[in-house]
Every structure is written in structure tokens, then in C-alpha cells.
Amino acid sequence: MKLSNKVIGYLFLSICAIISIFPFYWMVVSMTNTSADVTRGKLLPGGHFVENFKNLLQSVDLVPALTNSAIIAVATTVLSLLIASLAGYGFEIYRSKAKDVVFNILLLSMMIPFAALMVPLFRMFGSITPVVPLIGIDTLSAVVLPTITTAFLIFFFRQSTKMFPKEILEAGRIDGLKEIGIFFRIYVPTMKTTYAAAAIITFMASWNNYLWPLVVLQSPEKQTIPLLISNLGSSYSPDYGMIMMAIVIATLPTAIIFFLMQKHFVAGMMGSVK
Amino acid sequence: MNIPDKLGPEKLAKKPAPRPARSLRLKNTMVGWSFVTLASLLIGIFYFFPMVQALILSFQSGSGVNLSFVGFENYIRLFQDPVFLTTVKNTVIYLIIQVPVMILLALFLSVVLNNKTLKWKGFFRTAIFLPCVTSLVAYSVVFKYLFAPDGIVNMTLMKINLVSEPIQWLTDPFWAKITIILAITWRWTGYNMIFYLSALQNVDRSIYEAAKIDGASAIQQFFKITIPMLKPIILFTSITSTIGTLQLFDEVMNITAGGPGNATMTISQYIYNLSFKYTPDFGYAATVSYAIVILIVIFSIIQFKAAGDKK
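So the sequence lines, in the order shown, correspond to chains A and B.
One point on numbering: in my numbering, the residue at position 25 of the first sequence is 25, and numbering is uninterrupted.
One point on numbering: in my numbering, the residue at position 181 of the second sequence is 181, and numbering is uninterrupted.
Just so you know, the hints here were simulated from the structure itself, not pulled from any lab data.
Cβ coordinates follow ideal geometry from the N, Cα and C atoms, glycine included.
Check each hint, because a few of them may be wrong.
[To be verified] Calculated cross-link-like contacts (lysine-lysine; reagent style DSSO-like; alpha-carbon spacing at most 30 Å):
| hint | chain 1 | residue 1 | chain 2 | residue 2 |
| --- | --- | --- | --- | --- |
| 1 | B | 305 | A | 222 |
| 2 | A | 6 | B | 277 |
| 3 | A | 263 | B | 116 |
| 4 | B | 177 | A | 162 |
| 5 | B | 177 | A | 42 |
| 6 | A | 99 | B | 121 |
| 7 | B | 277 | A | 162 |
[Said to hold, decoys possible] Which residues of chain A face chain B? A partial, calculated answer using Cβ under 8 Å:
| hint | residue |
| --- | --- |
| 8 | 23 |
| 9 | 26 |
| 10 | 84 |
| 11 | 101 |
| 12 | 109 |
| 13 | 148 |
| 14 | 210 |
| 15 | 212 |
| 16 | 222 |
| 17 | 240 |
| 18 | 254 |
| 19 | 255 |
[As the list claims (entries may be wrong)] Rough simulated footprint, nothing fancy, chain B against chain A, three-plus residues with beta-carbon under 8 Å:
| hint | segment |
| --- | --- |
| 20 | 120-130 |
| 21 | 149-158 |
| 22 | 190-197 |
| 23 | 230-236 |
| 24 | 244-252 |
Work out the full structure: start from the sequences and follow the hints.
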């Protein structure tokens with residue numbers, strides 16, 4: 001009975017693991033094969049890696065798209081972390097009834113789906129465009145701005161701040177640090193794990209964001225990686241090898257981050273402070 | 001003479017004391033608010049203000065910028081609009097099939113992985129979590145190709161003689177929905193599993209030992225101990241999954257583009273189409289937006305009630 005349970009367990013895990021990994025394997029193998037080989041169902045690596053890569057560079061604006069995505073994701077991450085950690089710290093350390101009310105109202109925004117926001121946001125940015133073209137429609141700033149403040153991240157930082165040893169703050173005050181100095185000199189360095197986890201979550205969301213860039217970006221030279229992949233995917237005579245190459249390249253940054261910072265990720269999800 | 005003299009020192013002694021305290025408190029309050037102001041303002045500007053605008057918009061209609069007030073016309077149109085009703089039906093189908101299947105699967109996986117004597121635990125956990133590193137667009141395109149009529153999935157099914165002819169995963173109204181459900185399940189099961197795994201680590205193992213001594217089977221332990229113990233986290237994940245599924249967009253857009261016909265179209269996609277694909281009708285699109293918000297609120301309340309907890 002016990003042995004058979006164990007066998008079933010391993011079998012179940014193995015099947016799930018294979019299903020989880022197979023699309024990755026297929027993606028990586030296919031980027032080394034010709035389109036015809038991919039359609040034929042070839043599951044072994046081939047010798048068309050370089051050719052697919054050349055084709056990709058020639059037929060789409062890969063480098064500009066990667067650059068746009070990188071600029072957007074880095075800017076979003078840095079700004080999000082700063083804004084959300086300031087707020088999460090403020091709500092917890094300077095706790096008051098009024099602030100708790102504000103905090104709860106902010107949490108309500110988590111219930112608002114982006115699909116409901118996109119029309120008014122599009123019109124908002126549309127009306128800003130003639131006044132401040134720098135943050136108007138079809139700019140990278142317009143992609144970044146609405147996404148830099150999320151109630152989730154504020155909540156995340158507040159939860160982590162709960163476990164922050166408050167005596168350290170007092171020590172900082174006695175040493176004559178200003179409140180903002182305490183935040184930057186004591187809080188930020190102590191909360192590295194939380195920041196790392198928040199950075200991973202935010203970077204991934206931004207790098208992979210599709211709907212809002214699709215709405216707000218119009219010119220081809222502004223397009224981000226998900227937009228590029230989506231366009232490639234909807235082409236009528238797809239070059240599978242080449243498209244898989246693009247998909248692997250698009251997935252690499254987030255995959256690398258995940259593998260390098262796996263521990264931070266899990267630790268951060270549980271809101272622990274080192 | 002005596003009275004002012006008495007009052008004088010008393011005032012002097014008492015007044016200076018509360019003054020710095022009050023100004024210090026005021027200063028602290030100001031400092032506290034200054035930490036939270038920026039974030040609160042930005043959420044106001046980019047979440048609540050647009051929702052107010054959407055509310056105003058939902059009472060207007062017209063193409064592009066030529067909007068005029070039409071009262072409740074959009075809301076009446078909503079209930080007579082066959083496309084809208086189809087998108088609600090599709091979205092709810094995804095929701096009531098995909099979310100429970102995924103959560104049960106994730107729970108099973110986490111229970112099996114939580115076994116102390118299991119080998120290659122790290123490998124299994126990482127492998128099953130791996131789909132979470134892909135972007136929604138990227139995995140959707142991969143799934144579209146895997147489930148193509150002559151794709152790997154059909155090839156495999158035919159090779160093992162499970163089907164005699166290829167399943168129309170993308171162009172049959174029924175199978176296209178299944179494809180979307182399979183895709184979302186592939187992407188998110190590992191994510192939910194991680195939450196359950198970390199919650200399970202806090203469950204006292206002696207409860208299971210006691211249950212084993214009492215002769216409870218593995219299945220009984222799962223339903224009688226694990227699920228009740230993990231109730232809060234199950235509630236949390238089912239609400240986040242519900243909100244996610246109700247605003248499903250990337251997958252449908254890139255796997256089936258809403259087709260065949262409107263058989264897989266979601267509410268989000270309909271809002272997108274109304275605003276940016278068909279002749280733009282922002283007013284009606286805003287009305288549909290409120291439909292999603294209301295659905296999210298309703299489903300969240302149902303789940304809270306079903307969980308039977310006040311918390």
C-alpha cells in the first residue's frame with residue numbers, strides 16, 4: 001500500500017514535470033531547426049540555429065524591441081519599488097486611524113481589472129498628448145506611468161515592515177538621523193530580501209506586459225518584446241524556427257532572474273525579513 | 001495681586017511642556033503622511049479617477065470623440081447584446097472549470113511534494129513552477145503551435161491511437177475553449193502550488209501522524225486535514241485566480257484571437273475590440289468595463305461566503 005502510494009506519487013509528479021518542461025524543450029529545440037522540420041514534429045536539435053538567428057535579426061526589429069522592453073521594465077521596477085516601499089513603510093511605521101482608512105481604500109484598487117481601466121486611461125493619455133507630448137500616446141513613459149503604483153506592492157512592503165525591528169529606528173533617531181534618512185540608511189539596506197522579491201515580481205510583470213503597451217504604443221519602432229512576439233505569432237506563413245528563437249530570447253531574461261534569485265523569490269513571497 | 005502671581009508660574013510651568021509635544025506630534029504626522037502621499041495620489045490618478053471617468057463615459061455613446069449622453073441606453077444594450085452575453089458565458093465557463101481544476105491539481109502536487117522522504121523534490125518543484133517564468137504572450141504562441149491541427153499534440157495523440165483524426169483544438173468552438181483552459185492551467189498551477197507548499201510547511205506534522213494512527217487514508221487526510229488547514233490560502237489563491245481569469249486577455253488574443261466566431265472571446269477582449277478594433281465606441285466599452293468590475297465583486301463575495309469565514 002505504502003509502496004504503491006509512493007509509485008503513484010512519483011508517476012504523478014513525473015507526468016506533471018514532463019508536461020511543464022516539454023514546451024520549453026520544444027521551444028529550445030525548434031529554434032535550431034528549419035520551419036519544415038518543426039512542422040514535421042522533429043524533437044531533436046538541428047543545425048539551423050545561426051540561420052534562424054540571422055533571419056530573425058533581418059526580418060524584425062529585435063534589438064529596438066528588446067531595448068524598449070528593457071527601458072520600460074527597469075524604469076518601472078525602480079520607480080515602483082521606491083514609491084511602494086515609501087508608502088508601505090509610512091503606513092506601518094506612522095500608523096494612524098486616518099492612514100489605515102486611506103490604506104484600505106488603496107487596497108480596493110486591487111479589485112479593479114486593467115481591462116476596465118484601459119479605455120479611460122487611453123483617453124486620459126490622449127488628452128495629455130498635445131499638452132505634454134513627452135508622456136503622451138506612443139511614448140515609453142505612457143507605458144510606465146500607470147503601472148508604477150500597485151496596491152499589491154504597497155501591501156507587500158507593509159506586511160514585511162511589520163516584522164521590521166522597530167528598536168533599530170529608535171537607535172537611528174538617537175543617532176540624529178532624520179526620518180527620511182532612517183528610511184534610506186537603515187530600512188532599505190535591512191530589507192534587501194523584500195526588495196529583491198518585489199523587484200522580481202515587478203520586473204517580470206513589466207517585461208511581459210501586453211495589453212497596455214498594445215493600446216498605447218502605435219509606431220513599430222516603439223514596440224516591446226511581447227508585441228513583437230504577438231505579431232510574429234499571428235503571421236500567416238510563420239517561420240517556426242525563427243519565431244521560437246524570438247520566444248526563447250524573450251523568455252531568457254525572466255528565466256535567468258528566476259534561476260539566479262529563486263531563494264529570494266520564495267523568501268520574499270512569505271514576507272520574511274533577513 | 002496674588003492670583004496672577006499664582007497663575008503666572010503655573011502657566012509657565014505647564015504651557016511649555018505640551019507645546020513641543022504637540023508640535024512634535026504634528027511634525028510626526030506630517031512626516032508620516034509625506035511617506036504615503038505620492039503612492040496614494042498616483043493610485044487615485046491611475047485607478048480611481050479613470051473609474052469615475054468610465055462611469056461618466058458609460059452613460060455616453062457615439063463613435064470616437066463624438067460622444068453624447070444617452071442615459072441608461074448602454075446598460076440596456078448590454079443585456080440585449082449577443083456578443084457581450086457570449087463573452088460573459090465564455091469567461092464564466094473558463095472560471096468555473098479552470099480555477100477549481102487548477103487549485104485541486106496544485107493542492108495535490110503540494111501534498112505529494114511535502115512528503116519528507118521524497119527524492120528530487122527540488123527538481124520537481126522547479127520544473128512545475130517553471131511555466132511561471134514565461135510571458136503570457138510567449139507561451140500562448142507556443143501553445144497555438146503545439147495545438148495546431150498538424151501540431152505535436154495531435155501528432156502524439158494519433159501516434160498512441162487515442163484519436164483517429166486530428167482534434168480541431170483551435171477552430172472547434174468546444175475544443176478551442178479546452179485549449180485555452182489547458183493553457184492557463186499549464187501556466188498557473190505551479191504558481192499556486194508554491195503558495196500551498198509554503199503554507200503546508202507551517203502545518204504541524206503530528207496532526208497527520210495522529211490521523212494515520214486513527215486509520216485515516218491518504219485521501220481522507222487530504223480532504224479532512226489539508227484542505228481545512230489551508231483554507232485561508234486557498235481562499236486567497238482562488239480570489240486572485242478568479243480576478244485573473246475574469247480579465248483574461250493575452251492568451252485568448254494570441255491562441256485563438258477570440259475565434260472561431262466569438263466562441264473563445266473574453267469580456268476583456270470585447271472591451272479591447274469595442275475600443276480599438278471596431279469603430280471605437282468608448283461609451284459602450286466603459287459600460288462593459290463596469291460589467292467586469294461587478295462580476296469580480298460578485299465572485300469574490302461568493303468565494304468569501306463559500307469559505308464560510310469572517311476573515
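Quick rundown of the hints versus the structure:
Restraint check: the Cα-Cα separation between residue 305 (chain B) and residue 222 (chain A) comes to about 46 Å, which exceeds 30 Å; the hinted pair is violated. Taking the CA atoms of residue 6 (chain A) and residue 277 (chain B), the gap is about 53 Å. The hint is violated against a cut of 30 Å. Simply put, residue 263 (chain A) and residue 116 (chain B) have alpha-carbon atoms about 20 Å apart, close enough for the 30 Å limit, and the pair holds. A threshold of 30 Å between alpha carbons decides the hint, and for residue 177 (chain B) with residue 162 (chain A) the separation of about 43 Å lies outside it, so the pair is violated.
Distance hint between residue 177 (chain B) and residue 42 (chain A) is fulfilled; the C-alpha atoms sit about 27 Å from each other, no more than 30 Å. For the hint linking residue 99 (chain A) to residue 121 (chain B), the alpha-carbon distance of about 44 Å lies beyond 30 Å, and the restraint is violated. For the given pair, residue 277 (chain B) sits about 47 Å from residue 162 (chain A) by alpha-carbon distance, which is inconsistent with the 30 Å threshold. With a cut of 8 Å, the hint placing residue 23 (chain A) at the interface with chain B holds, because the nearest CB-to-CB distance is about 5 Å.
Using the Cβ-Cβ criterion of 8 Å, the hint placing residue 26 (chain A) at the interface with chain B is satisfied: the shortest such distance is roughly 7 Å. Annotation: residue 84 (chain A) was flagged as interfacial toward chain B, and the flag holds, the nearest CB pair being 6 Å apart, inside 8 Å. With 8 Å as the threshold, the beta carbon of residue 101 (chain A) stays out of range of chain B, its nearest partner Cβ sitting at about 11 Å, so the hint is violated. At a threshold of 8 Å, the smallest CB-CB gap from residue 109 (chain A) to chain B is about 4 Å, leaving the interface hint in force.
Given hint, residue 148 (chain A) at the interface with chain B, holds; its Cβ is 7 Å from that chain's nearest Cβ, closer than 8 Å. Checking residue 210 (chain A) against chain B: minimum C-beta separation of about 5 Å stays under 8 Å; hint holds. The beta carbon of residue 212 (chain A) comes no nearer than 10 Å to any beta carbon in chain B, farther than 8 Å, and the hint placing it at the interface is violated. Below 8 Å, beta-carbon pairs count as interface contacts, and residue 222 (chain A) has none with chain B, the closest being about 16 Å; its hint is therefore violated.
Below 8 Å, beta-carbon pairs count as interface contacts, and residue 240 (chain A) has one with chain B at about 7 Å; its hint therefore holds. For residue 254 (chain A), the suggested interface contact is upheld, since its CB lies about 5 Å from the closest CB of chain B, less than 8 Å. Here the hint on residue 255 (chain A) is kept, as its CB sits about 5 Å from the closest CB of chain B, short of 8 Å. For the segment 120-130 of chain A, the stated coverage by chain B is satisfied: 5 residues place a CB nearer than 8 Å to a CB of that chain, which reaches the threshold of 3.
Chain B is given as covering the segment 149-158 of chain A, and this holds because 3 residues of the stretch bring a CB closer than 8 Å to a CB of that chain, at least three being needed. Against chain B, the segment 190-197 of chain A contributes 0 residues with a C-beta closer than 8 Å to a partner C-beta. That does not satisfy the three-residue criterion, and the hint is violated. Beta-carbon proximity to chain B at under 8 Å applies to 4 residues in the segment 230-236 of chain A; the threshold of 3 is reached and the given coverage holds. Closer than 8 Å: that is the beta-carbon criterion, and the segment 244-252 of chain A has 4 residues meeting it against chain B, so the requirement of 3 holds.
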